[in-house]
Amino acid sequence: MTFALAGNPNVGKTSLFNALTGSYEYVGNWPGVTVEKKVGRMKAGEAAHEIVDLPGVYSLIPLSGDEEVAIRCLLHEPVDAVLNVVDASQLRRNLHLTIQLLETGLPVVIALNMADVAARRGLRIDEGKLSALLGVPAVPVVARTGKGCPELSARLETDGISAPEWRLDYGDVLEEAIGRICAAIPDDAAVRYRKAGRAVRWLALQYLEGNRVVRAELDGAVGDGVLPEIVGDAETRLAANGHTPEKMIRKCRDAFLDRLIRECTVKDSGAGGTSLSGKLDRIVTDKWLGIPIFLLTMYAAFMLTFDWLGTPLSDGLDGLLSGPVAEGLERWLASAGASAFITSLVLDGIVGGVGGVLVFVPQIFVLFLVLSLIEDSGYMARVALVMDRLAETIGITGKAFIPLVIGFGCNVPGVMAARTIERPKERLLTVLITPLMSCPARLAVFSLFAAVFFPNHQAIVVLSLYVTGIVLAMVLAKTLSRFLSKGEPSTMVIELPPYHLPQWRSLRRKTWEKGKGFIVKAGTFIFGGSVLIWLLASVNLSGVMVPMEESFLAQIGGWLAPLLKPLGFGNWQAAAALVTGFFAKEVVVSTMNIMYGSTGAGSLQDALAVAFTPVQAYGFMTFLLLYVPCLATVATIRNETKSAVWTWFSAGYALVLAYVIALLIHAAGGWLFG
Amino acid sequence: MQTLAEVQEGTVVTIEDLSETDAVLRRRLYDMGVTEGARVRLCRRLPFGGPLMIECEELCIGLRRCDAPKIAVRRL
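Protein chains in written order, with the working numbering: chain A, 1 to 674; chain B, 1 to 76.
It is worth saying that the hints were derived from the structure and are not from the lab.
This one's a predicted model, so the numbers in the text were calculated from it and none came from an experiment.
Each hint should be verified, as a subset may be incorrect.
Stated by the list, open to error - The calculated label-pair distances, taken between Cβ atoms and stated as ranges, are:
| hint | chain 1 | residue 1 | chain 2 | residue 2 | range |
| --- | --- | --- | --- | --- | --- |
| 1 | B | Arg75 | A | Phe649 | 49 to 55 Å |
| 2 | B | Arg75 | A | Thr236 | 33 to 39 Å |
| 3 | B | Glu9 | A | Pro292 | 17 to 23 Å |
| 4 | A | Gly220 | B | Glu9 | 45 to 51 Å |
| 5 | A | Gly220 | B | Arg75 | 44 to 50 Å |
| 6 | A | Thr297 | B | Met1 | 36 to 42 Å |
| 7 | A | Pro292 | B | Pro69 | 27 to 33 Å |
Think of the CB as a built atom: it goes at the ideal place given N, C-alpha and C, for glycine as much as any other residue.
Next up, chain A with everything else stripped away, as it sits in the complex (with noise of 0.2 Å):
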């Protein structure tokens, strides 16, 4: 059988589903963290069961895109029954949704998550009545422990599970105009529609309410204007008492809701007071301290990555990698009579190249660190509501700011964070800026250069890049914004889950899991990649160890540094290292390793520091910063706005933009140190 994961969101299905499959996929404490549908199987029991974790939803009804993702899977994709993750602590909420899933018609089995902080919130739910208000199982779980797991599974496992009897009436004239609905769906849909277990009367309930994708889908199978006049005759009537059939419908779940409450809840007197949630946001969202307390929680991030924490155990990787783990591989090759080609690849192409990315690795899991940390405590919607005045002013929704914050672990999230919006033109101008926040594989690169050409400010340098990027988000926002969102208004509504305190299993996994991509990045792209430049760079057509100057890499370097003269560093080197960074930006390192570590003139850092001055090295950095997004997040910007010509535009604009800012810092740079 096949489940559909579906509950409001930030409910905990995410938790839930990785307790059932024993899986591993992300949570969060904002909503939408799940912005895709995700598949798993359920470890317990001798039948094989899917589970298909979906993107939370308030209603059926889908706004944003990720919405979109969950109401087409309920509406198309074959699945058996529904789990309905229900938070304890916002029922009627939770349960409005419940009423859409029961009328679809499929089973449903209610999974009562979060019922300890309902109980301290003086909440007490019996879950016996609840289930038989509504026909369907209840079972009382903690999705973040597991609690209760065992006994969902156990439940979902007897084959007892049936559709519901289950109906609401809407009162006389929308049960007519249903009716008529249900009439008018040619027989060969509704029998498509009723052999994959839904109602036929769902679908007419939800192209009353508006659904836009039930009302194409409808419209497409009805012919043209039959559906709109029933429902605009289902409007007039309505109208005279001053509701519309989505006011109407709401009304009655409404009322179902409060007697259903009112039977299954008691409340305990005496609980209560002001929460620390509320005490927090008072601090977090205060008027004077709430913006500069983003920007130390950014500053924090930074001390942390480069002078505190991160930095020091970084240098200590790197002599050992330099140090031991060179001079002993060299001292294996040597005494296994390797021939001077392979000992080349391995000490130049391969440590040169893996190590040098790998050194980073220190630093890059400090920064992930801090940014689970700003996820679980649920400080990241708080982001969205503090920056949203600037938001506003520059066109887009405070929302914008998660992906943004995201982008900053990786782009390619970042990307896909913009679902959540709800309006089409904000999402695409998110999905346009994001890739210009800096994520850790540049990090790799500003890390290197800021080492050789300002030791003593790293933190400061590295910092004005990420701010670099930030403000030309901005800029750009703000222009595009006046072209695309035309007359489309920007909305701001944010859900604000109450902070949890981060614990430090769910951190160290969280941390670990996007971490570990970097490495395996590195021991299967990267170390390729390493092989490839490598062996580009000690062929041409007349052999193979040729000088590296004569080599096919110096000739691509070669045809492109005069394009990059202009910005100041116009060596080939350059060139070269900028054009194997387009497949993933810490491949500038490696190949500034093999290019500049096998010279034998000493280090890296060495050979770097004769090969750039310090203005032509910020302007490297800025112009790495900017320049077309990496191979993956193109990828993703096609995949997110489905055309080609944005895909390109937002290639494209990001190398003029890093060409014009480089040429701006070469320029400054003469004129202040000339």
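Dock chain B against chain A, hints included.
Showing chain B alone in chain A's frame:
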């Protein structure tokens, strides 16, 4: 008739009318439980014309200030 824009921080009001608000916003507010008749507390206003924080049935919601004048409320 008062609007949410005129309410003091910390005041509890009931929502009277949301029909003036933009359709997408209204839908979201409905989803979050902010409907006509719902009780809402204005927790705070962020500075420099920043968003409002309201609380509705234990749920904290952030909302733009420019939308507040379109939300008609009644003081309790």
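Status of the hints after comparison with the structure:
no., hint, result
1, B:Arg75 to A:Phe649: 49 to 55 Å, "holds (50 Å)"
2, B:Arg75 to A:Thr236: 33 to 39 Å, "holds (35 Å)"
3, B:Glu9 to A:Pro292: 17 to 23 Å, "holds (21 Å)"
4, A:Gly220 to B:Glu9: 45 to 51 Å, "holds (50 Å)"
5, A:Gly220 to B:Arg75: 44 to 50 Å, "holds (48 Å)"
6, A:Thr297 to B:Met1: 36 to 42 Å, "holds (41 Å)"
7, A:Pro292 to B:Pro69: 27 to 33 Å, "holds (29 Å)"
Violation of the numbered hints given earlier is absent; every hint is satisfied by the structure.
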